[in-house]
Amino acid sequence: MPAYLLQNLHCLFVYPRPIIGFLLIGLILGPAGADVIRHVDVSHRIADFGIIFFLFETGLELSVKKVVSMRGDVFGLGMAQFMITSGVLSLLAPLVSSHLSTGASLLMGGGLALSSSAFALQLLRDKRQLGTRFGRASLGVLLFQDLAVVPLLVLAPLLGDPGGAALPVAIAESFGKAVLALGIVVATGHFFLRPLLSFVKRSDSSEAFLAVTLGTVLLSSSLTQAFGLSETLGAFVGGVLVAETDYKHQIEAI
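Per my numbering, the very first residue in the sequence shown carries number 1; after that it's consecutive.
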């Protein structure tokens with residue numbers, strides 16, 4: 001509670017962006033500052049849940065049609081941003097340490113080319129730019145970065161392979177897992193979510209709606225995490241699937 005009050009005072013008198021206030025208060029109260037918050041692992045997990053639900057809410061504002069219309073931003077602009085940025089940073093990586101191998105430089109460049117979806121989307125929402133052309137392009141870039149995490153995770157354990165023979169096979173397998181994971185989430189939402197929400201609607205219970213919403217978020221995020229994708233991507237897709245139903249507004253009101 002004191003941290004929340006400090007954050008709001010900061011937003012009112014210093015900088016009108018809540019996320020900046022939360023970051024600064026975290027630095028002040030965390031282990032690097034006053035060390036008030038000592039159970040960092042618990043705090044990280046709570047923060048992860050906050051990010052997951054935030055991406056679910058972002059997905060609620062879209063639809064499958066809108067997401068499909070963003071394919072140029074995701075696989076065009078998003079891929080270009082990741083390839084160019086990671087390529088430049090990989091070339092600069094040896095300047096940091098001359099002992100880095102080519103694979104390690106690629107991994108470092110790819111990791112540094114990624115952004116924080118929660119941070120960027122919150123800033124866009126605060127500035128009311130999420131629905132603009134710039135906001136949709138930014139969302140497309142962030143979605144591709146979530147997908148790019150998979151080959152980076154595959155690359156890490158293969159850095160010790162001198163021939164690199166296993167790399168193409170591993171990347172192909174990771175791509176297949178990503179497609180399978182998203183396919184399962186979409187199919188589950190399409191065939192089971194709408195009938196389930198219709199059944200819950202007849203019960204006229206807000207608690208049941210809340211339970212289904214929580215279950216949708218946790219199931220979709222857990223499925224993508226199990227296949228090596230980010231939890232936030234699963235939560236976002238779950239939100240988009242809920243937005244396709246007739247019960248979007250009831251869930252938004254919870």
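Source of the hints: derived by calculation from the structure; they are not laboratory data.
Since the model is a prediction, treat every value here as computed from it, not as a measurement.
Hints may be right or wrong, so weigh each one.
Computed list of lysine-lysine pairs in DSS-like fashion (alpha-carbon distance at most 27 angstroms, straight line) [stated by the list, open to error]:
{"#": "1", "residue 1": "248", "residue 2": "201"}
{"#": "2", "residue 1": "201", "residue 2": "127"}
{"#": "3", "residue 1": "248", "residue 2": "127"}
{"#": "4", "residue 1": "127", "residue 2": "65"}
{"#": "5", "residue 1": "201", "residue 2": "65"}
The following label-pair restraints were derived from C-beta to C-beta distances [said to hold, decoys possible]:
{"#": "6", "residue 1": "173", "residue 2": "203", "range": "36 to 46 angstroms"}
{"#": "7", "residue 1": "126", "residue 2": "176", "range": "16 to 26 angstroms"}
{"#": "8", "residue 1": "253", "residue 2": "192", "range": "19 to 29 angstroms"}
{"#": "9", "residue 1": "35", "residue 2": "88", "range": "20 to 30 angstroms"}
Glycine included, each C-beta is placed from N, C-alpha and C at the ideal position.
Hints, one by one, checked against the model:
Of the pairs offered as hints, the one joining residue 248 and residue 201 holds, with about 12 angstroms between alpha carbons and a cut-off of 27 angstroms not exceeded. Between residue 201 and residue 127, the direct Cα distance comes to roughly 35 angstroms. Violation of the 27 angstroms bound is thereby established for this hinted pair. As the CA atoms of residue 248 and residue 127 are separated by approximately 24 angstroms, the hinted pair is consistent with the 27 angstroms bound. Restraint check for residue 127 and residue 65: satisfied, since their Cα atoms lie roughly 24 angstroms apart, inside the 27 angstroms limit.
The straight-line distance between the Cα atoms of residue 201 and residue 65 is roughly 25 angstroms, inside the 27 angstroms bound, and the hint therefore holds. Separation of residue 173 from residue 203 is about 43 angstroms and conforms to the stated range, judged on CB atoms against 36 to 46 angstroms. A hinted range of 16 to 26 angstroms is violated for the C-beta pair residue 126 and residue 176, which are about 38 angstroms apart. Separated by about 22 angstroms at the C-beta atoms, residue 253 and residue 192 satisfy the suggested range of 19 to 29 angstroms.
Between residue 35 and residue 88 the beta carbon distance is about 38 angstroms. The supplied range of 20 to 30 angstroms is therefore violated.
Checked against the numbered hints above, the structure breaks hints 2, 7 and 9 and satisfies the rest.
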